[in-house]
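Chemist: Residue 63 in the working numbering sits at position 63 of the sequence shown; the count goes up by one each step and never skips.
A couple of the hints might just be wrong.
Think about it this way: if two alpha-carbon atoms lie no more than 27 Å apart in a straight line, the pair counts; the simulated DSSO-like pairs of lysine-lysine are [what the hints assert, rightly or not]: (1) K102 / K58; (2) K58 / K32; (3) K84 / K12; (4) K32 / K12; (5) K74 / K25; (6) K111 / K32; (7) K22 / K111; (8) K109 / K32; (9) K25 / K58; (10) K84 / K56; (11) K12 / K68; (12) K102 / K12; (13) K22 / K56.
If you're looking for bench data, these hints aren't it; they were derived computationally from the structure.
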Amino acid sequence: MLTRIRNANMVKHQIVEIPATKMSKAIAATLKEEGFIENFEIYNENIAQYLLLSLKYKGQSRERVINKIERISKPGLRVYANSKTLPSVLDGLGIAILSTPKGVMTNNKAKELGIGGEVLCYIW
């Protein structure tokens, strides 16, 4: 999912199609809540479900809102953070998306709730 967003963002596409999973839906909801994407919707094609993400750009020159999206926890090396060691991305200019026992959320929300989890990605 992150690679598809990164590639579409690099060539300034307006819409990205991503296979829908519980995790990708939760990440898309978090990105919309934080203002990195305009909107997303779920549609069915035969038996498969897909997410359509509408990417966000600024101004007439279509400057990117997502400057960089970086995967942190990978299948070969999972990265976890407890509530005291939650990452700060660019001193608060970006966000980290975490998978916690209470669902997928940003590092700021997890810090408020006092919980940790798996660090999925950084976005700024």
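Chemist: Against this structure, judge whether each hint is valid.
Modeler: The hints, checked one at a time:
| no. | hint | verdict |
| --- | --- | --- |
| 1 | K102 / K58 | violated (33 Å) |
| 2 | K58 / K32 | holds (15 Å) |
| 3 | K84 / K12 | violated (37 Å) |
| 4 | K32 / K12 | holds (18 Å) |
| 5 | K74 / K25 | holds (19 Å) |
| 6 | K111 / K32 | holds (20 Å) |
| 7 | K22 / K111 | holds (23 Å) |
| 8 | K109 / K32 | holds (15 Å) |
| 9 | K25 / K58 | holds (24 Å) |
| 10 | K84 / K56 | violated (32 Å) |
| 11 | K12 / K68 | holds (13 Å) |
| 12 | K102 / K12 | violated (34 Å) |
| 13 | K22 / K56 | holds (22 Å) |
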